[in-house]
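S.K.: Produce the entire structure from the sequences given, and follow the hints as far as they go.
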Amino acid sequence: MGLFNRGANSRNIAKERLKLVLIHDRANVSPQLLEMLKSEIMKVISNYMDIQNDELDIQLTRTKSDEGDRTIPALVANIPIKNVKAVGK
Amino acid sequence: MGEVIVITSGKGGVGKTTSTANIGTGLANAGKKIVLVDTDIGLRNLDVVMGLENRIVYDIVDVVEGVCRLKQALIKDKRYDGLYLLPAAQTKDKNAVSPKQMQDLCNDLKQEFDFVLIDCPAGIEQGFKNAIAGADKAIVVTTPEVSAVRDADRIIGLLEAHDLRNPHLLINRLRVDMVKKGDMMNIDDMIDILAIDLIGVVPDDENIIISTNRGEPVVNDMKSRAGQAYRNITKRLMGEQIPIMDLEVEDGFMGKIKKLLGFGI
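Each protein sequence line maps, in turn, to chains D and A.
Residue numbers for the first sequence follow this note's numbering, so the first one is 1 and each next one is one higher.
Residue numbers for the second sequence follow this note's numbering, so the first one is 1 and each next one is one higher.
Take these hints with a grain of salt, some might be off.
[What the hints assert, rightly or not] Keeping only pairs whose Cα atoms sit at most 27 angstroms apart, straight-line, the calculated DSS-like set for lysine-lysine is:
id : chain 1 : residue 1 : chain 2 : residue 2
1  : A       : 100       : A       : 78
2  : D       : 19        : A       : 180
3  : D       : 15        : A       : 11
[As the list claims (entries may be wrong)] Beta-carbon label-pair distances, calculated as ranges:
id : chain 1 : residue 1 : chain 2 : residue 2 : range
4  : D       : 48        : A       : 244       : 38 to 46 angstroms
5  : A       : 215       : D       : 21        : 32 to 40 angstroms
6  : A       : 223       : D       : 37        : 49 to 57 angstroms
7  : D       : 21        : A       : 166       : 23 to 31 angstroms
8  : A       : 108       : D       : 8         : 34 to 42 angstroms
9  : A       : 223       : D       : 78        : 23 to 31 angstroms
10 : D       : 79        : A       : 145       : 29 to 37 angstroms
11 : A       : 104       : D       : 41        : 44 to 52 angstroms
12 : A       : 1         : D       : 9         : 30 to 38 angstroms
13 : D       : 9         : A       : 242       : 30 to 38 angstroms
It is worth saying that the hints were derived from the structure and are not from the lab.
Glycine included, every Cβ here is placed at the ideal spot set by N, Cα and C.
M.R.: Shown next, in the form of structure tokens:
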């Protein structure tokens, strides 16, 4: 990667960088806090399911509220499940 | 009773004033009674964009300070029926008007006009707070650049904190050629990031500069794509359902030939 790497799609770079910077801007949630949250969530879910740790994606975004009259911050997690453990059965 | 719409962006230079001028003129063309209010005190520009700079006698600060009556400060645009401008003061600072005074002013203007369009200054300080104080609705202008989108996101948050919910997004200066090459965020990218409703997309168009040079809003230029985009936004504000225009269509003779031959891409 470099300044003259014209191969990379700069639209996607812009989008990804924006998403990251907005996490911090929006709720004053630092990337560190989000990392801590992420590992805690993984710990809990791992008790019940095998998850793909490397594909785990947690981010702060904005969404329409149920009443639809305003947008609110939302925590969106995308956690691919490999296998459900046989606990609690 | 009219509606007060503030046109805002956070970042400067993304097209707030141009959008205010064009949406206002478009609404006036549709038979509505419109007043454009420039709240960028100290850096007024809506007057030059509208070509009304030589007609200013009183300004918004004169009105709130009681130097003149509201009606005396309103400049009637003789070219378009029902279009008026309340200019900003050029020699005062942003604290010359308070949010309460702005609310009262908007309430007075609402009685007389169908739409009160507020051109907001850049930034998030006092000038911004004043501009949004009397607004019922907000349009957030952004360009497809990281800095402008980031600031738009911040503004959306601040608008909601001030109870201005459901702001509408106006994407300005979109370059279809760059989007196609993957070198500019597209419409969906920005809606995805900002999560608000879209009111319109204005393509990058040199006619904007040409018409601003002349002091004539581009919305009246029937050949301009930006003009068409602003006409569509105007209709949407009046409640019509107009699809976002196809920005892929090429301009000019070669574009038409290509389209005829099926190279419309």
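S.K.: Each hint needs a verdict: does it hold in this structure or not?
M.R.: Going through the hints against the structure:
1. 100(A) x 78(A): Distance of about 31 angstroms is beyond 27 angstroms: violated.
2. 19(D) x 180(A): 21 angstroms, holds
3. 15(D) x 11(A): Holds: residue 15(D) and residue 11(A) sit about 18 angstroms apart, inside 27 angstroms.
4. 48(D) x 244(A): 38 to 46 angstroms: Between residue 48(D) and residue 244(A), where Cβ atoms are some 44 angstroms apart, the hint holds.
5. 215(A) x 21(D): 32 to 40 angstroms: 38 angstroms, holds
6. 223(A) x 37(D): 49 to 57 angstroms: 54 angstroms Cβ-Cβ, so the 49 to 57 angstroms window holds.
7. 21(D) x 166(A): 23 to 31 angstroms: 24 angstroms, holds
8. 108(A) x 8(D): 34 to 42 angstroms: 54 angstroms, violated
9. 223(A) x 78(D): 23 to 31 angstroms: Violated - the Cβ-Cβ distance for residue 223(A) and residue 78(D), about 46 angstroms, lies outside 23 to 31 angstroms.
10. 79(D) x 145(A): 29 to 37 angstroms: 33 angstroms, holds
11. 104(A) x 41(D): 44 to 52 angstroms: 50 angstroms, holds
12. 1(A) x 9(D): 30 to 38 angstroms: Cβ of residue 1(A) to Cβ of residue 9(D): about 49 angstroms, so the range 30 to 38 angstroms is violated.
13. 9(D) x 242(A): 30 to 38 angstroms: 31 angstroms, holds
Violated hints for the displayed structure, listed by number in ascending order: 1, 8, 9 and 12.
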